[in-house]
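Be aware that the sequence shown starts at 5, since it is given in the working numbering, and climbs by one per residue.
The set of hints was computed from the structure by calculation and includes no laboratory data. The beta carbon of each residue, even a glycine, is placed where N, CA and C say it ideally should be. Wrong hints could be hidden among the right ones.
Label pairs and their computed distance ranges (CB to CB) [as the list claims (entries may be wrong)]:
1) Pro617 with Ser857: 52 to 62 Å
2) Thr317 with Ala615: 45 to 55 Å
3) Glu777 with Gly425: 47 to 57 Å
4) Pro617 with Arg524: 22 to 32 Å
5) Glu990 with Ala336: 53 to 63 Å
6) Arg744 with Met644: 55 to 65 Å
7) Arg399 with Asp645: 37 to 47 Å
8) Gly814 with Ser857: 19 to 29 Å
9) Leu68 with Leu1004: 48 to 58 Å
10) Gly466 with Glu990: 37 to 47 Å
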Amino acid sequence: MDRDSGPRVPEQRAPATPNTTTNSTTSGTTGGSKSGAPDTAPAPGTELRFGVLGPVRAWRDGELLPSGSPQQRALLAALLLRDGRTATAGELIDAIWGESAPSQALAAVRTYASRLRKVLSPGVLVSESGGYALYTRPDALDLSMAQELAAAAEKERTSGNRQQARVLINKALGLWDGEPLASVPGPYAETERARLDEWRLQLVEGRLGIDLELGRHAEAVSELTALTAAHPLRERLRELLMLALYRSGRQAEALAVYADTRRLLADELGVDPRPELSRLQHRILRADAELACPVEETAPVATFTRPAQLPATVPDFTGRELFVRELGRRLASAEGSVMAVSALAGIGGVGKTTLAVHVAHAARPRFPDGQLYVDLQGAGARFAEPEAVLGSFLRALGTPDSAIPDSLDDRSALYRSALDGRRVLILLDNARDAAQVRPLLPGTEGCAALVTSRVRMVDLEGAHLVDLDVMSPEEALQLFTRIVGEERVNSEREAALDVVAACGFLPLAIRIAASRLAARRTWTVSVLAAKLADERRRLDELQAGDLAVKATFELGYGQLEPAQARAFRLLGLADGPDISLAAAAAVLDLPPHETEDLLESLVDTSLVESAAPGRYRYHDLVRLYARACADRDEQPPAGMDLALSRLLDFYLATVARVYTIERPGDRLKDHLEPTEYQGLVFTDRNQAQDWLYAEADCLLACARQAAGGARLRVAVDLLWAAQDLAESGANSKSYETAARSALAAAREAGDARTEGRARTSMTNVHLVAGRYEDADEEAQQAAALAESVQDPAPVYWADNDRGIIAFNQGRFKDAEAHLFKAMEGSRADGNRPGEASALCNLSRIQLALGRTSRAIALAEQGVEVYDSIGHTLRLANARYALGVALTHAGRHREALEQLAQALGRFETNRQRLWEGTTHFRIAQAHLSARRTAAAAQHAEQALAIGCIGGDRTRANVLITLGKALESLGQADRARVCWREALALHEGSGAVEAEEVRELLEAPLSAA
């Protein structure tokens, strides 16, 4: 096998001008003639297309045409690849047969040509000058289209538009349909096939190079691992793999790839790696900072996305001249050698955000690379996490999701790297404290940050602190006048002064009061002043710290109609980031259309925000105010508990319907607490799933909120029915938090039934995370509690879970006993899906005990049960179990078929962690079948996605990946994987650690 050669691309043949004198049989060409081509057009409506990037084929108007024998296809291919030029009979004979041409070769060529003429449109295949030519439109051949796309991609890449170049290359690669010129005989086809294969590989290398330039290194690792296995001596692929691994934080593996490559080249070819590969190794050893980030786009198009996120500045900004000048000078200093940070502090409603936004807009010319903005929600109980903010900022700066790391430190480092050398202004609004702000600060000169907060950030190192007080009476009156209008204020100046004084000169209060007055032309300023004067309590609260804006909100609340006011109060009671229209209708106990009218009217008053179509949210301070109003005004007070009870009922009823759609025949719904308020009805499974994941944050917040109240049982059942969220990956942590809260409340309440069910949910949480000891303890207690109150479902759930736990701990006889009990309990309860689950898990036990045939039979029974009742989600688990059993039996094709079906169902059902786990099993099946490249590719995908079982499963994936890599001759990289696996297994005390030690102690493979 040769090492990398220089770039080789398909020959770019300009269409030759055929002879103007043609054979009498010529009648025309398809789709417009080339220069000198016959003039007669084909029949109207006919369109010919040809393919050589796969089997040689021809289509007319989308219908596949017969292409004849292999030799006839060889003739067609030879003519297609000449791009309209004439091929002599001798050239065609050499192309089809080479030196082995039969004695009647010329007659055979004429026969093939005659047959093709009958199949193709008139005038397409013509005879001229003792040979043949094929006239087609330029876009009729897939190869021509691929060449045009590749040329366009190169142009885009040269101009700096890498993203579009990537799209175009992928379109070109998408035209391949297997091996080019498949099954076409002859030396010409063999040569062209090799050339086209080489060109495709170069396109793939080019696209992967662009992927790394765009920061898609994590997703490139899997593909590069498979490609280096298929082309072990191709050094460019090895170079790209090293870079992708390094940028994914896998430096040891990157260096191991170099060591494997050097040994392979020495063994196979007796040469050293090429200089580019050696230089990359040295740069990795030095931890060259330039390697860590994608390359910058070349002018004139930059990969850096210029954000412009500043909110609109208010047109009536008033006063604050000293602060504007002070902050402006501070931001100007960022052009020098320091990174400017200014922190504005003051009570809520004092105008921190308004001032910061105004100053930021004025400073925009000094920050040509953009402006970032975020509301950190520091005044609320659930402030914005720095990790989430950094993810949003990185996306705004052009970083693809796949390149954004998980940890806070890694995101913060990548964020600072993205800002290095650029001039960007960051406005961090409504911060909780300095700890929340520090990871969000840029790290280099040229950038600046403006921070607003209710607390004075004396512990924010290097910050320029600004304490913002209320407005002066003159400024307050000026702001009031600009909003209300000079004519109305000048006629009642004293009353206007009374108004701004009643507002405590607080800008937010003044703005709201003035806006209300401006919207009511029949009111005088004196009327507003009198209203404020009557509200002694409000005036007191205007001067009371965080409650200072409450009187301002009271102005808006006091103008609401009774139905609007009730909606405002009750909807503010619900926790969660926002609320859907359907959930709001449950809270208010109103039809959706009436609820929508009320909510939209509240949006108009600015007391509620429209988060998205059909979704609404409160500002954190307004939510607190709404709850205070509910405590004060809701009559009878029990109405508040009833509103939250209806919301909880709505969520449980709807989640139960989602569960039932996903799991037909499952008895869980019959064991749940009854609900008085009905939930949503879904027309199909996809609609149900969309709702579940869209409402995940809100329904989990509702469960947490209800855990401390009288409806604890409903909250616990809500978590039990929403267990898919625990296994989704995206919502697993939030689910765990809610489940822990529910369990703590159940224990405090002394309710054995509820505590047993809460422990059932916690068992699932621990299982997903791979914490088997904790899971077993929870399951034991869940079963004991459920038995004590004769609650059957948690008992057989616990038995099933304990069977899974015992299996993973290597206690196979215990596992078998638990699963038989689970199966009996499910049967007694008429729960066929529960029975099928136990069967599938028993299959895994039988497999571990060496009873492969029995394992397959049990898994097949599980598949049959799930299939017969139309179960969709858990049918995937059954096929997964069957695929694992078939792998152990050596029936690899059948195993991969079952695992592929399982993977598709997990993807459809958004079970991300199960997707990763299935990729792991597919990797094991490929490894068992000695398809090591495919095994490595799927193992990489499992690592990238994550798996059920946490670190323990990750370690097992690394073991499989290492075995595949060792078989591919990448022993050093394999050992890196095994060392990481050993550390994970030793950390958890897993028995698999001994297997890894044996792998590491074995001598290097000679492969």
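Consistency of the hints with the structure:
{"no.": "1", "hint": "Pro617 with Ser857: 52 to 62 Å", "verdict": "holds, 56 Å"}
{"no.": "2", "hint": "Thr317 with Ala615: 45 to 55 Å", "verdict": "violated, 23 Å"}
{"no.": "3", "hint": "Glu777 with Gly425: 47 to 57 Å", "verdict": "holds, 50 Å"}
{"no.": "4", "hint": "Pro617 with Arg524: 22 to 32 Å", "verdict": "holds, 30 Å"}
{"no.": "5", "hint": "Glu990 with Ala336: 53 to 63 Å", "verdict": "holds, 56 Å"}
{"no.": "6", "hint": "Arg744 with Met644: 55 to 65 Å", "verdict": "violated, 26 Å"}
{"no.": "7", "hint": "Arg399 with Asp645: 37 to 47 Å", "verdict": "holds, 41 Å"}
{"no.": "8", "hint": "Gly814 with Ser857: 19 to 29 Å", "verdict": "holds, 22 Å"}
{"no.": "9", "hint": "Leu68 with Leu1004: 48 to 58 Å", "verdict": "holds, 55 Å"}
{"no.": "10", "hint": "Gly466 with Glu990: 37 to 47 Å", "verdict": "holds, 43 Å"}
Checked against the numbered hints listed earlier, the structure breaks hints 2 and 6; every other hint is satisfied.
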